[in-house]
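A.B. asks: Using the sequences and the accompanying hints, generate a full structural model.
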Amino acid sequence: MLKARQRLGKYRIEKRLSRGPLANVYQAFDTIHLNRVALKIPHVDKQNPHYIDDFIKEVQLAFKLEHPNVLPVQNASYIDEHFVIATPLGIGTLGDRLEKRMSLHTAMLFADQVLAGAAFAHSKRILHCDIKPENYIHFPDNVLKLGDFGFARRILRSVKGSGSGTLGYIAPEQAMGRPSFHSDVFSLGLILFRLFSGKLPEWPYDWPPEGYKQLRDKLHPELVEVIRKSIEISPAARFSDAVAMHAAFDRVKRRTRKQRSTNKKTTKNGLRGISWQKVRWQEFQRRFKKELETKHSCRRCKGPVAESMNNCPWCSTERPVSSENSTFPAQCPRCSRGVKLDWNYCAWCYGPGFQKETNREFTDKRYGAKCANAKCDRRVLMPFMRYCPWCRTKVRKNWRLPGAGKRCGGCGWGVAKEFWRFCPWCRTPVKKGHHR
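For the sequence shown, position 35 (counting from the first letter as 1) is numbered 29 according to my numbering, and the numbering increases by one without interruption.
These aren't lab readings, by the way, just hints derived from the structure by calculation. Treat the hints with care, since some could be wrong.
Lysine-lysine pairs mimicking PhoX-like chemistry, simulated, CA-CA at most 20 Å apart [as the list claims (entries may be wrong)]:
| # | residue 1 | residue 2 |
| --- | --- | --- |
| 1 | Lys411 | Lys425 |
| 2 | Lys283 | Lys272 |
| 3 | Lys94 | Lys126 |
| 4 | Lys272 | Lys223 |
| 5 | Lys369 | Lys391 |
| 6 | Lys334 | Lys350 |
C.D. replies: Next comes the structure, spelled out in structure tokens:
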């Protein structure tokens, strides 16, 4: 297993994203192109000299699929005896996103992309055979890309030879080693059912399954019928492939019952709710952006946030800044927040130190305070640090927010009372009784 800060050719490993039975996936920094990528590195199988051949065929297959909803392979090569597959780094997977609340509009957007990626593969006569939410990589602006064609390569050799797939989303005939394009359609139908109902149908897939009421209440009957047809037990009763299923979905998606959006209702003063929120954010940025460095948008509510914040002050989402948007050159493998290359420890969370890549000391205009530890080598701190990055001493200072004049009743740090709903440092609700 590779470790954080370890170098692999031009890549610097930052953390492991997942461990699978066939390969590990890491988040890494490309030191030449200066961007973050995902690296898929197969486990070494000394008992099978042809083990890597399957991954090479996966890469060759992926290179043939250029589509906005298919994950591209940026590079594939041997590096230090490792076979490395580099792809764009997402912010998570559709599986991660399904664990959170989702509007009907977002669910429709995701469903369209889920079908589009699979339909393109089917149009090239390629089966995926492991379609599931975890294999759809989630990118900013709610873009999904279908990845991991590891099982698909086997289908090209022998349609009858694979029972591969993920239980829970696998078609019954595929579990018995007889996959077809109908099998991928079945998996797609299960994903759509879960997207719109929050429930995953289970064997024996009797209709209507649990969650049908939510599905019926949200969708037009014709769209419900598209989903029902896709998860028929008999393969012949389903859509012939994802191309046909996507076409049927596209014909009826505009008939979906539209939910009334409360944040777009006009208020008494004539302003829409969403516009009023933007006005507040603009005023907040005018007053506090320089002091707080709120250069980022919350991954959930899109409000202005800073890397130093533990949670969003507008919606309370934890770690609101996506890791790929960090302004620091590296990231902590524990909390995923930015760190500088000359730091010994993470300034945002407590834990073991890092293996430094350089002995050079970097200056930074953000250093404006001193560590209380007299034995600390450098002693310089940035605002809102929790721990000294040089000696790991906990910062006892109650950081102030210049221009605000108020402190959180929970942690004692500065808060913008007239704007925030939550303290971004400790998550305490911002109310009159909670301030000093």
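A.B. asks: Given the hint that Lys369 pairs with Lys391, test it: the Cα-Cα distance must not exceed 20 Å.
C.D. replies: holds (18 Å)
A.B. asks: Taking 20 Å as the top limit, are the C-alpha atoms of Lys334 and Lys350 close enough?
C.D. replies: holds (10 Å)
A.B. asks: Within a Cα-Cα threshold of 20 Å, do Lys94 and Lys126 meet the stated pairing?
C.D. replies: It holds: about 17 Å lies between the C-alpha atoms, which stays within 20 Å.
A.B. asks: Checking one constraint from the list: CA of Lys411 to CA of Lys425, max 20 Å. Satisfied?
C.D. replies: holds (8 Å)
A.B. asks: For the pair supplied as a hint, Lys272 and Lys223, confirm whether the alpha-carbon distance does not exceed 20 Å.
C.D. replies: violated (43 Å)
A.B. asks: Given the hinted pair Lys283 and Lys272, is their alpha-carbon gap at most 20 Å?
C.D. replies: holds (15 Å)
Hint compliance for this structure: hint 4 is the single one not met.
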